[in-house]
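Protein chains: 2
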Amino acid sequence: MELANVLHMTGGIGDSSYARNSLFQQKVMLMTKSITDEAISALYRSLSNGETICIAELGCSSGPNTFLPVSQLIKTIREECTSNGQQLPEFHVFLSDLPGNDFNTIFRLLPTFHEDLKKQNMRSGDGLFDPSYCFVAGVAASTSPSSVLKAYSKQYERDFATFLKYRSEELVKGGRMVLTIPCRENEHQLSNACRFMLEPLAITLKDLVTEESIEEEKVDSFNVPVYSPSPAEIKYIVEKEGSFTIDLLKTLEHQMDSCEGYNEAQSVRAIVQPLLIRHFGDDNKLMDVVFNKCRDIYANSMAKEKNIFTNVVVSLIKF
Amino acid sequence: MELANVLHMTGGIGDSSYARNSLFQQKVMLMTKSITDEAISALYRSLSNGETICIAELGCSSGPNTFLPVSQLIKTIREECTSNGQQLPEFHVFLSDLPGNDFNTIFRLLPTFHEDLKKQNMRSGDGLFDPSYCFVAGVAASTSPSSVLKAYSKQYERDFATFLKYRSEELVKGGRMVLTIPCRENEHQLSNACRFMLEPLAITLKDLVTEESIEEEKVDSFNVPVYSPSPAEIKYIVEKEGSFTIDLLKTLEHQMDSCEGYNEAQSVRAIVQPLLIRHFGDDNKLMDVVFNKCRDIYANSMAKEKNIFTNVVVSLIKF
Chain A
4 MELANVLHMT GGIGDSSYAR NSLFQQKVML MTKSITDEAI SALYRSLSNG
54 ETICIAELGC SSGPNTFLPV SQLIKTIREE CTSNGQQLPE FHVFLSDLPG
104 NDFNTIFRLL PTFHEDLKKQ NMRSGDGLFD PSYCFVAGVA ASTSPSSVLK
154 AYSKQYERDF ATFLKYRSEE LVKGGRMVLT IPCRENEHQL SNACRFMLEP
204 LAITLKDLVT EESIEEEKVD SFNVPVYSPS PAEIKYIVEK EGSFTIDLLK
254 TLEHQMDSCE GYNEAQSVRA IVQPLLIRHF GDDNKLMDVV FNKCRDIYAN
304 SMAKEKNIFT NVVVSLIKF
Chain B
4 MELANVLHMT GGIGDSSYAR NSLFQQKVML MTKSITDEAI SALYRSLSNG
54 ETICIAELGC SSGPNTFLPV SQLIKTIREE CTSNGQQLPE FHVFLSDLPG
104 NDFNTIFRLL PTFHEDLKKQ NMRSGDGLFD PSYCFVAGVA ASTSPSSVLK
154 AYSKQYERDF ATFLKYRSEE LVKGGRMVLT IPCRENEHQL SNACRFMLEP
204 LAITLKDLVT EESIEEEKVD SFNVPVYSPS PAEIKYIVEK EGSFTIDLLK
254 TLEHQMDSCE GYNEAQSVRA IVQPLLIRHF GDDNKLMDVV FNKCRDIYAN
304 SMAKEKNIFT NVVVSLIKF
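From first to last, the protein sequence lines stand for chains A and B.
By our numbering, the letter at position 244 of the first sequence is numbered 247, and the numbering carries on one by one without gaps.
By our numbering, the letter at position 42 of the second sequence is numbered 45, and the numbering carries on one by one without gaps.
Since the hints were derived computationally from the structure, they do not count as laboratory data.
All residues carry an ideal CB built from backbone N, CA and C; glycine is no exception.
Take the hints with a grain of salt, since some may be wrong.
Quick list of the computed label-pair ranges, beta carbon to beta carbon [unchecked claim]:
id : chain 1 : residue 1 : chain 2 : residue 2 : range
1  : A       : Cys57     : B       : Lys209    : 51 to 59 Å
2  : A       : Met32     : B       : Asp119    : 33 to 41 Å
3  : A       : Ser135    : B       : Glu242    : 23 to 31 Å
4  : A       : Leu50     : B       : Glu220    : 45 to 53 Å
5  : A       : Thr165    : B       : Asp119    : 20 to 28 Å
6  : A       : Gln192    : B       : Ile280    : 24 to 32 Å
7  : B       : Ala302    : A       : Ala205    : 53 to 61 Å
8  : A       : Val175    : B       : Lys122    : 32 to 40 Å
9  : A       : Leu255    : B       : Gln90     : 53 to 61 Å
Subject to a maximum C-alpha distance of 30 Å in a straight line, what follows is the list of computed DSSO-like cross-link-like pairs (lysine-lysine) [unchecked claim]:
id : chain 1 : residue 1 : chain 2 : residue 2
10 : A       : Lys121    : B       : Lys253
11 : A       : Lys168    : B       : Lys121
12 : B       : Lys176    : B       : Lys253
13 : A       : Lys288    : B       : Lys288
Sequences are here, hints too, so could you generate the full structure?
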């Protein structure tokens with residue numbers, strides 16, 4: 004199976020699913036709300052009345068988080084419209100993720116999303132929102148699997164520049180793109196995402212080698228295709244690539260254990276399990292063992308120090 | 004669960020899946036090829052060079068059949084372009100079905116589709132086809148479940164007119180829509196689809212009541228939401244609704260047992276099983292019993308007479 008089909012959050016709506024273990028990501032989305040709101044408001048004010056607004060959500064995953072940013076953006080535009088006495092524009096929403104993403108769960112949540120859009124609008128007392136104004140489609144994105152695996156600084160620069168180039172071809176002049184990227188604070192250290200989330204997984208896998216539950220060479224050949232750039236790297240690549248101007252670039256800190264009901268082991272599991280299954284086999288018992296061990300390490304780590312994660316948010320305007 | 008989420012072909016790529024039991028539908032698609040080809044060629048010739056062609060496949064299901072019509076249409080346009088020395092336009096393809104459809108299988112087949120597009124083009128010796136010219140998105144359509152269940156002639160007229168009205172709003176002036184609809188030959192008889200495909204299922208369910216495997220009232224309350232119009236009804240409704248002019252309307256006959264490797268019981272199962280499961284419970288053993296019995300009835304029926312099915316194909320142009 005191609006990595007593009009494996010690299011996805013855990014589907015469905017079960018206990019281990021991303022849909023039920025993505026409070027952390029939700030919190031980050033809420034933290035970036037003011038930035039995406041500002042971007043779409045500025046875009047809206049630059050349009051003629053009646054123009055359609057196209058929104059693409061890149062890496063939409065599957066679950067309630069899929070609809071959160073879109074729902075917020077539509078609400079923001081509606082408020083702009085209400086205060087200016089303008090008619091709501093039509094929205095074309097493209098929910099995009101890798102082909103292995105659970106799009107079925109997304110489509111089954113669509114009626115709820117439309118109901119929520121209606122309610123969100125009724126509450127403000129200015130009439131009904133007609134969901135037919137909001138056309139939603141799912142789009143399977145492509146990736147370059149081999150390059151993802153060879154992730155290191157130079158490779159990241161090339162990949163991110165390519166990403167910017169293709170997105171710029173899809174955007175109209177003046178179009179906006181807001182990216183939220185887990186990052187390292189500077190060039191000289193590992194990202195906290197690696198330190199707090201992936202190192203415990205590495206320790207667990209090595210423990211299981213010692214216990215002879217899994218083979219050492221299997222663990223040595225296991226990679227999680229993640230690279231965390233620093234804010235300076237992002238700025239450098241965007242400016243060098245040249246399709247976008249940076250409207251805003253800032254880092255946001257977020258404490259991992261501050262979400263109520265948050266379960267770190269389950270959250271990491273929802274992200275990493277499809278990769279583990281591909282490499283170590285579809286063994287649910289082994290997965291339980293791995294993430295039970297991880298859970299203990301996470302608990303210890305959180306008791307010792309605050310697990311703070313850093314994201315860089317960059318709001319871009321197409322030249 | 005809403006009927007809109009249940010009313011779908013059997014997902015996945017397993018033995019009972021629609022993906023592996025849709026030779027019959029494929030044959031019908033191939034029979035209508037010349038009509039859809041003619042429609043898209045006429046549309047293409049009416050465009051200025053460089054305009055994007057949007058194609059929506061309504062009821063795309065999941066499996067190889069999903070990509071067959073799109074692939075054919077693109078090939079037809081490419082041949083037009085080659086013979087006129089014009090550049091290939093960009094295609095926006097919207098694959099649409101009810102929310103319960105297995106879109107995951109579609110997205111996982113996308114890389115194969117893109118590869119096939121490339122090969123299809125290479126063979127003709129005029130260079131590579133760049134798949135980025137073909138943007139594909141999945142769209143979950145909506146339905147009105149209660150009205151589907153109350154399907155009878157008057158209701159069908161209302162539903163079909165509503166369908167035409169909404170589609171006409173989505174199409175540009177001069178836009179084309181080709182519909183293929185299983186039909187009755189005239190107003191005075193049941194459709195062959197009912198007679199050959201659904202009556203054996205009804206007989207089987209009644210047998211199982213006699214054997215006390217299922218309850219009589221359960222069977223009495225089971226409905227398959229299907230209505231087969233006659234060609235005259237289609238013509239009448241299209242003209243009365245008034246958004247489209249009829250470019251062509253014809254019936255196509257197709258013998259059921261003429262597809263090599265075709266398994267009627269499995270084909271009906273791929274369509275009806277989700278409805279049966281919803282009504283009688285998720286009992287795989289019962290489903291096996293039902294469709295094994297059906298298989299015998301189908302075999303008898305095909306030995307006695309030719310199982311000929313009639314479809315009406317109507318090619319419409321938006322006023």
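Verification of the hints:
no., hint, verdict
1, A:Cys57 <-> B:Lys209: 51 to 59 Å, "holds (53 Å)"
2, A:Met32 <-> B:Asp119: 33 to 41 Å, "holds (37 Å)"
3, A:Ser135 <-> B:Glu242: 23 to 31 Å, "holds (26 Å)"
4, A:Leu50 <-> B:Glu220: 45 to 53 Å, "violated (58 Å)"
5, A:Thr165 <-> B:Asp119: 20 to 28 Å, "holds (25 Å)"
6, A:Gln192 <-> B:Ile280: 24 to 32 Å, "violated (54 Å)"
7, B:Ala302 <-> A:Ala205: 53 to 61 Å, "holds (59 Å)"
8, A:Val175 <-> B:Lys122: 32 to 40 Å, "holds (33 Å)"
9, A:Leu255 <-> B:Gln90: 53 to 61 Å, "violated (45 Å)"
10, A:Lys121 <-> B:Lys253, "violated (43 Å)"
11, A:Lys168 <-> B:Lys121, "holds (23 Å)"
12, B:Lys176 <-> B:Lys253, "holds (23 Å)"
13, A:Lys288 <-> B:Lys288, "holds (28 Å)"
Figure legend: structure checked against the earlier numbered hints; hints not met, in rising order: 4, 6, 9, 10.
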